[in-house]
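Engineer: Protein chains in written order, with the numbering used here: chain Z, 1 to 333; chain L, 1 to 333.
Each statement offered as a hint is correct.
Subject to a maximum C-alpha distance of 27 Å in a straight line, what follows is the list of computed DSSO-like cross-link-like pairs (lysine-lysine):
id	chain 1	residue 1	chain 2	residue 2
1	L	K270	Z	K167
2	Z	K256	L	K256
3	L	K167	L	K199
4	L	K256	Z	K270
5	Z	K167	Z	K292
6	L	K282	L	K300
7	L	K256	Z	K199
8	L	K270	Z	K169
9	Z	K270	L	K282
Partial chain L-side listing against chain Z, Cβ under 8 Å, derived:
id	residue
10	M245
11	V266
12	N267
13	R268
14	V271
15	F274
16	I275
17	D278
Using C-beta positions, here's what the derived DEER-type ranges look like:
id	chain 1	residue 1	chain 2	residue 2	range
18	Z	T236	L	R144	25 to 33 Å
19	Z	K199	L	E139	38 to 46 Å
20	Z	S11	L	E285	54 to 62 Å
21	L	E139	Z	N235	19 to 27 Å
22	Z	L95	L	F326	55 to 63 Å
If you're looking for bench data, these hints aren't it; they were derived computationally from the structure.
Every residue gets a Cβ at the ideal spot worked out from N, C-alpha and C, and that includes glycine.
2 protein chains.
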Amino acid sequence: MSNNRVVRLASRPVGMVVRDNFEVAEEDMPEPGEGEFRVKVAYISLDPAMRGWVAEGRSYVPPVQIGATMRAFAAGYVEASNHADYKEGEAVIGLFGVQHYAISDGNNVVKANTSLAPLEAWVGGLGMPGVTAYFGLLEVGEAREGDTVVVSAASGAVGSIVGQIAKIKGCRAVGIAGGPEKCAYIVDELGFDAAIDYKNEDLREAIKRTCPDGIDVNFENVGGEIMDAVLGRMNTFGRVAICGMISMYNSTEPPKALANLRSILVNRLKVRGFIVFDFVEKYGEALQTLGKWHAEGKLKLRQDVRDGGIEAFPDVLNLLYTGGNFGKLVLKV
Amino acid sequence: MSNNRVVRLASRPVGMVVRDNFEVAEEDMPEPGEGEFRVKVAYISLDPAMRGWVAEGRSYVPPVQIGATMRAFAAGYVEASNHADYKEGEAVIGLFGVQHYAISDGNNVVKANTSLAPLEAWVGGLGMPGVTAYFGLLEVGEAREGDTVVVSAASGAVGSIVGQIAKIKGCRAVGIAGGPEKCAYIVDELGFDAAIDYKNEDLREAIKRTCPDGIDVNFENVGGEIMDAVLGRMNTFGRVAICGMISMYNSTEPPKALANLRSILVNRLKVRGFIVFDFVEKYGEALQTLGKWHAEGKLKLRQDVRDGGIEAFPDVLNLLYTGGNFGKLVLKV
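Throw the hints in and build the complete structure from the sequences for me.
Structural biologist: The following block contains the structure:
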């Protein structure tokens with residue numbers, strides 16, 4: 001019987017992730033106990049949050065410990081089961097880690113309906129980005145028919161789904177992205193109503209032009225000046241769902257003050273930060289809906305599936321931070 | 001039959017309010033139509049929001065027009081009624097304006113139970129400050145038993161009630177105020193658990209010392225550096241109810257960036273701006289509860305009732321901005 005192969009965190013990265021931060025190790029094949037099952041991992045999701053998971057210090061989830069298997073969402077097939085609800089051959093997704101085989105008790109595991117989308121899509125667009133967009137827009141942002149929704153980083157894995165869900169729900173979807181290609185992509189291919197090229201347009205004027213009735217929901221991925229400009233055009237009782245503030249993560253300059261912070265008070269905005277783990281009990285519901293929309297052709301996904309196995313994990317992960325991918329990054333095991 | 005006397009807005013103030021911004025005028029005694037009643041105004045509430053009401057430009061309520069009666073909450077007695085629900089002699093509070101007599105159709109009028117508190121209290125601590133504190137803490141801030149609540153401008157009309165309601169609800173109440181006297185007042189007289197003197201203490205250290213288990217609810221009246229320091233100690237899923245940002249209103253320096261803005265994301269905070277008008281349909285419920293607490297001795301109010309009639313309105317209003325009052329400012333008509 002073959003062994004398990006795992007990627008462990010060897011040291012905490014300083015700045016960019018390097019190969020030596022991880023090590024590949026052999027372990028005995030794990031055997032499921034009572035009420036458990038074994039998953040043979042097929043696809044691993046690569047997500048920007050991973051950089052935070054390997055950093056020390058207080059954050060929203062405990063950091064991966066040195067010597068522990070690297071945390072990751074993954075999709076695979078049940079291989080051996082002592083769990084009544086999971087049968088051999090079933091496709092599942094969950095936090096299985098960067099390894100060939102994982103043991104699970106079914107907690108926070110979701111079954112992947114491969115008749116709606118192929119397995120890799122369930123850790124691609126339908127995985128973390130899909131559920132992040134779904135709950136962020138509909139629960140945190142409380143988007144309703146007729147609302148104007150503005151999303152930043154709109155051509156990204158999450159932003160591209162936010163705008164498409166907004167359209168499915170009868171909203172006006174406006175995306176902020178950098179450069180004419182990304183802007184054309186979200187309007188022409190994904191069906192956004194309008195795009196703002198923050199690299200080549202005056203933000204405030206472009207927001208005014210594309211949001212003539214103001215903004216009801218801001219799905220914020222970027223923070224900083226982009227968020228500030230959007231705040232200045234929010235409608236009364238608008239909602240701001242803060243999913244990320246990537247403009248602040250790598251900046252070496254001190255942040256500028258938000259000129260429109262007072263909009264929160266004057267317009268009685270609800271500003272709420274969230275992470276996708278907060279909704280883990282409802283992933284199943286969201287994924288079922290997202291899968292259905294995808295199967296109906298209403299939700300387009302773009303995945304960038306890489307070969308190389310788990311040994312390629314550090315290099316493929318870095319593509320996220322160097323902009324080397326176009327579409328949701330997935331590693332094939 | 002006597003005439004009505006009214007204070008009208010004569011011109012928009014630039015900087016501080018001056019006497020010439022208002023004029024006193026005589027009008028015919030107003031007569032109630034079908035479904036209306038006339039109120040003889042006895043006490044007028046003076047509130048910081050008034051400076052905003054006389055300013056031009058988009059805000060949360062339309063500005064008072066030049067030549068119009070100055071807007072104000074007031075308390076008085078029904079004098080003549082063609083309205084089935086309001087009888088002569090009943091005590092009422094509502095947006096009756098700075099004048100001797102007002103006509104109302106009962107919309108957003110609340111009856112004042114003078115067996116629980118004297119009439120002036122219903123535009124004093126139990127008026128705008130009371131309902132602002134009530135809804136801001138309990139609905140926007142979602143304060144629950146066991147929470148740590150931090151309120152800024154804690155010795156003020158709203159802040160002093162926020163801390164007392166927090167105590168009634170079984171929370172830990174920490175107030176931020178300027179100077180040892182105000183700090184002693186909120187702890188010794190109002191029963192706050194702790195006070196922070198932002199003028200004489202290191203804010204961050206004092207917050208750490210007084211909030212050993214972090215902060216669940218921030219009732220924010222000040223904004224700026226005080227809010228920033230509080231954000232840095234918020235617990236996961238904490239709430240920030242933004243009632244005011246007075247630190248920004250008169251500042252001539254550009255605002256500093258909030259160093260802890262990312263706390264909204266990492267701690268998944270709900271930050272929500274509100275104004276008391278948003279809850280106008282539920283004033284009655286809040287006032288009944290506040291009056292009961294006051295009658296039971298659980299809620300201490302400090303009112304500063306000034307004589308001089310409506311002619312004194314501009315001078316008395318200015319006390320709010322020069323710090324010339326101690327306690328909720330009320331003008332006796």
